[in-house]
Amino acid sequence: MNRNPFEIKTPEQNSADEIVSLFVDVFTDFFQVKETNHTFINGPRGSGKSMMFRYILPDCQRIVNKCNFNELNFFSIYIPIKKTNINVVDLERLESHANTILNEHLLVTYVLSISFDFIADTVSSELNPYTREIREFYENDFTPLLKSIGYLVDKLGEHTDGLGYFRHMAKVIAVMYRECSSYCKKLAISNDLFSYNGALVDFIDFLLPLFVKLERLPIFPEGKPFYLLFDDAGYLNREQTKILNTWVSYRTTKEVCIKISTQLDYSTYLTSTGKRIDSPHDYSEINIATKYTSSGEDYFKKIKMIVEKRLQIYLGAEINAEDFFPHDKEQEERIKDIYESILESKLDPEKKYAGTDAARRYCRSEFVKELKTKRSGMTYSYAGFDQLVAISSGVIRHFLAPAQEMYSLLQARNQNSTINSIPNGIQDEVITKYSEKFLTDEFDKIFLDSRDDELQLKRADKLKNLVDSLGQLFHAIFVSDRKERVVFSVALTDKPDHELQDVIDLGIKYGYLHKSTIGNKTGTGRNTLYILSRVLSPFYKLNPLSFAGYQFMSSDTLKVALTRPNDFINSYLRKLGKSDNEDEPTLFD
Amino acid sequence: MIGENQNIEEWFLEQSSGVFPNSGDYVSKYKIIRDYMNAQIHSEIKSIVVQLIPEIYLNDHGEKHVKKVIEKASEIININESILSPYEVFFLLLAIQIHDAGHIINGRTGHEQNAREIIGKFGRETISSVEKHYVSSIAKTHSGKQDPIGNLPEGQVVSNQKVNLKLIASILRLADELADDATRASTFLLENEKISEKSTIYHAYSSCLDSCVALTGSHQIKMNLYLTESHLGRKYIAESDKEIFLLDEIYKRNIKTYLECLYCNRFLPEKYRYTTVNVDIHIETENSAITPNPISYRLMENGYPEMANKSIFEICSEDLTRSGENLDGRYYCDLLTKN
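Those protein sequence lines, which keep their order, are chains C and X.
The opening residue of the first sequence carries number 69 in our numbering; numbering runs sequentially from there.
The opening residue of the second sequence carries number 1022 in our numbering; numbering runs sequentially from there.
Hint data in this document are derived by calculation from the structure and do not stem from the laboratory.
Just so you know, these numbers come straight off a predicted model, no measurement behind them.
Incorrect hints may appear among the rest.
To be verified - Heads up, simulated EDC-like pairs for lysine to aspartate or glutamate below, C-alpha to C-alpha not over 16 Å straight-line: (1) Lys372(C) - Asp454(C); (2) Lys322(C) - Glu1175(X); (3) Lys292(C) - Glu139(C); (4) Lys577(C) - Asp529(C); (5) Lys150(C) - Asp300(C); (6) Lys343(C) - Glu1146(X); (7) Lys343(C) - Glu1260(X); (8) Lys215(C) - Glu1138(X); (9) Lys239(C) - Asp185(C); (10) Lys102(C) - Glu323(C); (11) Lys1219(X) - Asp1168(X); (12) Lys322(C) - Asp1340(X); (13) Lys551(C) - Glu434(C); (14) Lys372(C) - Glu390(C); (15) Lys1273(X) - Glu1260(X).
One chain only, chain C, in its complex shape (with noise of 0.2 Å):
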């Protein structure tokens, strides 16, 4: 049996080859990743962050540029925070006491433990061969350097090769880490504040120092940076994403770069010593989600070359996209119908272009409304390339889970025949199950998440109501007899509260909304645009397709929906049945 080519791994799980044959060229849409500069990489669980990061690391970048490590332009180093232990809850306790630098010594000697692990596992016995400058390096830097701080170690026998040095290396650090974690730990159960009495280390003068001299080895990049590869840094907590936002404000680019990744939950931009970092000044900044939301058609090309390159590599065909998840032809083929005689009807040849318009826009709509009223029992279907990359919603994720399951589910009922093709209703099928878990199965979490917090239990529950009301008026709106129909987001024409900002937030953060924004009705500003995600749009009947035209609403009528949903829905099916100069009338985007 074929393996599944929507197969999902973390990219940890995969070999270098694998990812290198994988991987679908982002960096035309996301060059800051590769430069020489303080990023930050934001986008919603799912969006591409992590392979990304996968993509730079020397392993991988040495296939690319078919070259050794030491040729590379820069060196990178994966520094996973999520699997991190660091942000326990112990550390409240050092609110009243040396919270900054018991923290920084925490997050410099887990950075730096990876790294000499990472660069150990990486580079492996090719260290070997460079055992004699390691050994240097070890007793005339990293030996020195810890002793400054009171740190003694020893020194290794003359059988220590570079691997093992690196090992050692990583080791001592670790044992650093440890002692300081575990007085975090005695603290908080204890009633004395005592001393901490360790060694303790900071960026400037000790990590910066090790990685400056650590360059100077010939297995590293000659005058090359590294980047060290913070992945999902809203999981720091909020003293140690302040002092990871002070290393950001240093200009250590030529030595060290930060590379940071968050899923939209990064907590602050403060840095421990009261300023602010700002972009473009201290780092550039990417929102993948905002990227592609802006840029359909930038997002369909690269999903369209992922899908494409997987059924070659995986399958050994070379298949279209389109043709491998194909419409309902019955359906297409309908709406046609329901095209061209929307076409017919309001041809006007004073304007050119109104019946396409209209065809183009209402066709959907129409065919749905159809669908009600024969009430024959068949339901609009989401199958189709094009249908699945929009539901989609920029996130690479949303594309390739679906498409596993359908895969999956294919591959057990058609037991050992080829697979060419994932029939229609299968799609349907899988994608209006996975819609409707993301709303059900997110919000589970987010309960979870929250049980131990009220506030942000409340702030679920609204965000429930603003999602769902917000997916009701849409479906009304599609089926309505409004110029425009598919409307899938919200323009805000004032400034939110704190509480509903709050909620808007937290959809945000997982991935309900999108943000962006849009000029407002007087052409004198620019109005916050909250887009709701369409892998929603199965689940609440709407059309992923097309362009959409926005609702503009005050925050005011937004924040009925976050309590009473129904009374937010009702005022709003009543204006529906009125004309659409409305005095929150949508627009096209």
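Add chain X to chain C, keeping to what the hints say.
Just chain X now, kept in the frame of chain C:
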């Protein structure tokens, strides 16, 4: 101000244990470190630097200088106005004790950084790791132009007591700047030309600086210098082996003092900000043709602030230049044309 403000070290030594974290005996802790520094470190700095860099003969960086810095810190703030807690004064005094001690490790090079190694020698019973870290962090900000004080963390709490690192560091830095008077010079050696050529100018400057006083009430630094005709008539070797008149060196150093005031003002409470440097340079001569005498001037912010006639490319050189080229209209115009 001398005669008015209480000496901060004397004030500190009067404090009872109850005011310190966990009722610790911080007075004894300080005395242990101070006495060790006096006996083992301060007295050796000069000879170690001569050994390491024979062409340099430092002006005083020892016990006398440390006392002078404490005296100047006591002028800058009135400790009886509760500007610092006893625990914060512990940090200040220790930072003063070790600020120049790093010379003993590697001479002048990186002496600010090496101070950490000195304080690291004391055991946990005397000073904790966290306290050591903060003391050395404060001490190393006494020189350098990369905003060292601004880069210290804010809002620090150690053992349940607030510690304002930036304020402490700014007091140390300004006190060190003002502590450069005649007591620091090796006058006998200077008069007998026994000081290396490259170090003479530093001793000459210190020997001429009769007084340098912080006047809290009027927010002024008052400097009095006395020059002889022989000072005026010769050039000295300065940095990069350039020859310079002592008077020009004095001007340069006065500007530095003024800039240090402006820098430290950012971190000092309004009452203790020093906005003016008043200088009188007296020339000891019978010759009435040498005028004006004294040379009197005042360095202060005047009128609308100026960026010292610098272009935006000089002020923001990191952001507004690429490979030595200014990011000006021409630069972008050329970029457009090329692309």
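Q. Can the restraint linking Lys372(C) and Asp454(C) be considered satisfied, given a maximum Cα separation of 16 Å?
A. Satisfied, since the Cα-Cα distance of roughly 9 Å is no more than 16 Å.
Q.
Just to be careful, I want the Cα atoms of Lys322(C) and Glu1175(X) compared with a cutoff of 16 Å; is the pair within it?
A. Roughly 27 Å between the alpha carbons, so the hint for Lys322(C) and Glu1175(X) is violated.
Q) Does Lys372(C) pair with Glu390(C) here, judged by a C-alpha cut-off of 16 Å? A) Given pair Lys372(C), Glu390(C) holds - Cα atoms ~8 Å apart, limit 16 Å.
Q) Taking only the CA atoms, is the gap from Lys343(C) to Glu1146(X) under or equal to 16 Å? A) Outside the cut-off at roughly 35 Å; violated.
(Q) Hinted pair, alpha-carbon criterion (16 Å max): Lys551(C), Glu434(C). Please report holds or violated. (A) holds (12 Å)
Q: Decide if the proposed pair is consistent with the structure: Lys215(C) and Glu1138(X), CA atoms, cutoff 16 Å inclusive.
A: The given pair, whose Cα atoms are some 8 Å apart, holds under the 16 Å limit.
Q.
For Lys239(C) and Asp185(C), compute the direct alpha-carbon distance and say whether it is at most 16 Å.
A. holds (9 Å)
(Q) Between the alpha carbons of Lys577(C) and Asp529(C), is the straight-line distance 16 Å or under? (A) This hinted pair holds, its Cα atoms lying about 15 Å apart.
Q. Regarding the pair Lys150(C) and Asp300(C), is the alpha-carbon distance no greater than 16 Å?
A. Judged against 16 Å, a Cα distance of about 6 Å means the pair holds.
Q) Is the straight-line distance between the alpha-carbon of Lys1219(X) and that of Asp1168(X) 16 Å or less? A) Distance of about 28 Å is beyond 16 Å: violated.
**Q.** Pair hint Lys322(C) and Asp1340(X), alpha-carbon separation not exceeding 16 Å
**A.** Holds, because 15 Å separates the two Cα atoms, which is no more than 16 Å.
Q. Holds or violated: Lys102(C) with Glu323(C), Cα cutoff 16 Å?
A. holds (15 Å)
Checked against the numbered hints given earlier, the structure breaks hints 2, 6, 7 and 11 and satisfies all the rest.
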